[in-house]
Amino acid sequence: MTVTLRYFAWLRERVGRSEEVLDVPRGVTTVADLIGWLQTRGPEYASAFERAEVIRAAIDHAHVRQEAPIAGAREIGFFPPVTGG
Amino acid sequence: MSVSVQAEDFDITREVAALTSGRTDIGAIVTFTGTVRGKNEGAELSSMTLEHYPGMTEAELARVEAEAHARWPLQGTRIVHRIGTLAPGENIVLVVTASAHRHAAFEAAAYLMDYLKSRAPFWKKETDASGAGRWVDARESDDAALERWKAR
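Chains A and B, in that order, are what the protein sequence lines are.
Using this note's numbering, the letters of the first sequence correspond one by one to residues 1 to 85.
Using this note's numbering, the letters of the second sequence correspond one by one to residues 1 to 152.
Hints listed in this document are in silico derivations from the structure and should not be mistaken for laboratory results.
Please note that the accuracy of each hint is not assured.
To be verified - Listed next, the stretches of chain A that the computed footprint assigns to chain B, with coverage defined by at least 3 CB atoms under 8 Å from CB atoms of chain B:
| id | stretch |
| --- | --- |
| 1 | 52 to 63 |
| 2 | 79 to 85 |
As the list claims (entries may be wrong) - For each label pair, taking beta carbons as the anchor points, the in silico distance ranges come out as:
| id | chain 1 | residue 1 | chain 2 | residue 2 | range |
| --- | --- | --- | --- | --- | --- |
| 3 | B | D143 | A | W37 | 24 to 30 Å |
| 4 | A | E44 | B | E44 | 27 to 33 Å |
| 5 | A | R51 | B | E8 | 32 to 38 Å |
| 6 | B | D25 | A | L22 | 48 to 54 Å |
| 7 | B | A62 | A | R17 | 26 to 32 Å |
| 8 | A | V21 | B | A7 | 26 to 32 Å |
| 9 | B | A100 | A | R17 | 48 to 54 Å |
| 10 | B | T13 | A | R65 | 38 to 44 Å |
| 11 | B | P88 | A | R65 | 47 to 53 Å |
| 12 | B | G22 | A | V21 | 45 to 51 Å |
| 13 | A | W37 | B | R23 | 37 to 43 Å |
| 14 | B | E67 | A | Q66 | 22 to 28 Å |
No residue lacks a Cβ here, since even glycine has one placed at the ideal position from N, Cα and C.
Isolated chain B, as found in the complex (with noise of 0.2 Å):
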């Protein structure tokens, strides 16, 4: 279990290599990343800026991560978050699940991010062309992705 909340990009390949290095116990690895997009609601950007809660979102990530693990046969998982400013096309997330078996490491790599968009303290700012900055709502159906783990 690990979380990182950098400015720097990360490497899936170093990433995933850190996770099973000297492993064979290990049959199913599952990674998440999550881009910046070029257009919202139609609008272009030209950068997001990602703010968050130094302390509480480490903590936050710790606990999500700690919820997946017991719930799912995990051999490893791995978060990591970028902050500050970011391009359109640039990475901003990546979840790691690593278990013996596919369904545990699917499963718990959509568990990790439905939990992280709903608790984790990020805020999303998107400036446009004309440098107009715009913070972005919270999506109601990132709530109602939450229901679908309470019901099992």
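Chain A extracted, bound-state conformation (with noise of 0.2 Å):
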């Protein structure tokens, strides 16, 4: 599965980049599965996602938990506690 994923805030200082597209592996099925997947994929994503409970995510531009499945997402974005107003 191709999908859009973008970071935002500390996670894209970490990550490098602040959007990229990726094909999925076939058994990574929720949101948590993906970061787990992508904390494997580099040292930069490690340290990213390092502390997985602390981030949020979004499919389609809409808040999920990280039980979410993900199948069907065209863009999932990662990002920290929101601290905006």
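Quick one: dock chain against chain with the hints and give me the complex.
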């Protein structure tokens, strides 16, 4: 499955890019699986996704929990807890 | 209902006028303005930079706004949130609510700010006098603020 990933704030800084299109392997079915897979992609990902429990995600511009399935997603965003306002 | 995410400053008078122009069914207007504090946890800031998630930000603010309209009898609402680099004292966010009566306007403004702070995808990075940057941590008190709306 091909999906666009977008990274924000310190996640973006640690990964070293703001977005990329990746081919996600079969077996990666939830946001949590995707975080686990990304952690293995290199030191920059390991650093960015080190504390998986603090990372928030959105599928196609809507907040989701990490147990959410990613099937059919066009864009998945990863970011720290929001601090606007 | 309308939402803007913009680098430019906003003009409260103009925003209120746009919401109320030609209407006589509004009896109460509440505005909330958030501004950049020059000090955070004792440290002096030289600037604050706001990053956001284009596309999702607008969608999330519109969802929060629609929820407020479902909850209170509102004649109009307006949300403006700035992005980019801002100096201490500058405006960050504007929320305007208009209703026939003050309670709905006050409560809806507080609700919009509480939900905006916990859900709208913005991130603040502070820069101090030495030029060092630091991402602002989310506050648990902001999540706690939501509980009062769930209880009713």
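Comparing the hints with the structure gives:
Check result for the stretch 52 to 63 of chain A against chain B: holds, 4 residues qualifying (beta carbon to beta carbon below 8 Å, three or more required). Judged by the Cβ-Cβ criterion of 8 Å, the stretch 79 to 85 of chain A is covered by chain B as claimed, because 7 of its residues qualify and three suffice. Between D143/B and W37/A the beta carbon distance is about 29 Å. The supplied range of 24 to 30 Å therefore holds. Remark: the range hint 27 to 33 Å for E44/A to E44/B is upheld by a beta-carbon distance near 32 Å.
R51/A and E8/B have their C-beta atoms about 36 Å apart, which keeps the hinted 32 to 38 Å range intact. Against the hinted window of 48 to 54 Å, the Cβ-Cβ separation of D25/B and L22/A comes to about 52 Å, which satisfies the hint. With their beta carbons about 28 Å apart, A62/B and R17/A fall inside the hinted range of 26 to 32 Å. In this structure the hint that V21/A and A7/B lie 26 to 32 Å apart at CB holds, the actual value being about 28 Å.
Range check, A100/B to R17/A: Cβ separation about 50 Å, and the 48 to 54 Å hint holds. Judged by the Cβ atoms, the range 38 to 44 Å given for T13/B and R65/A holds: they are separated by roughly 42 Å. Between P88/B and R65/A the Cβ separation comes to about 36 Å, which falls outside the hinted range of 47 to 53 Å. Here the CB-CB span from G22/B to V21/A is close to 48 Å, well matched to the stated 45 to 51 Å.
At about 54 Å, the beta-carbon gap between W37/A and R23/B misses the expected band of 37 to 43 Å. Between E67/B and Q66/A, the C-beta spacing of about 24 Å keeps the proposed range 22 to 28 Å intact.
Comparing the model with each earlier hint shows violations of hints 11, 13; every other hint is respected.
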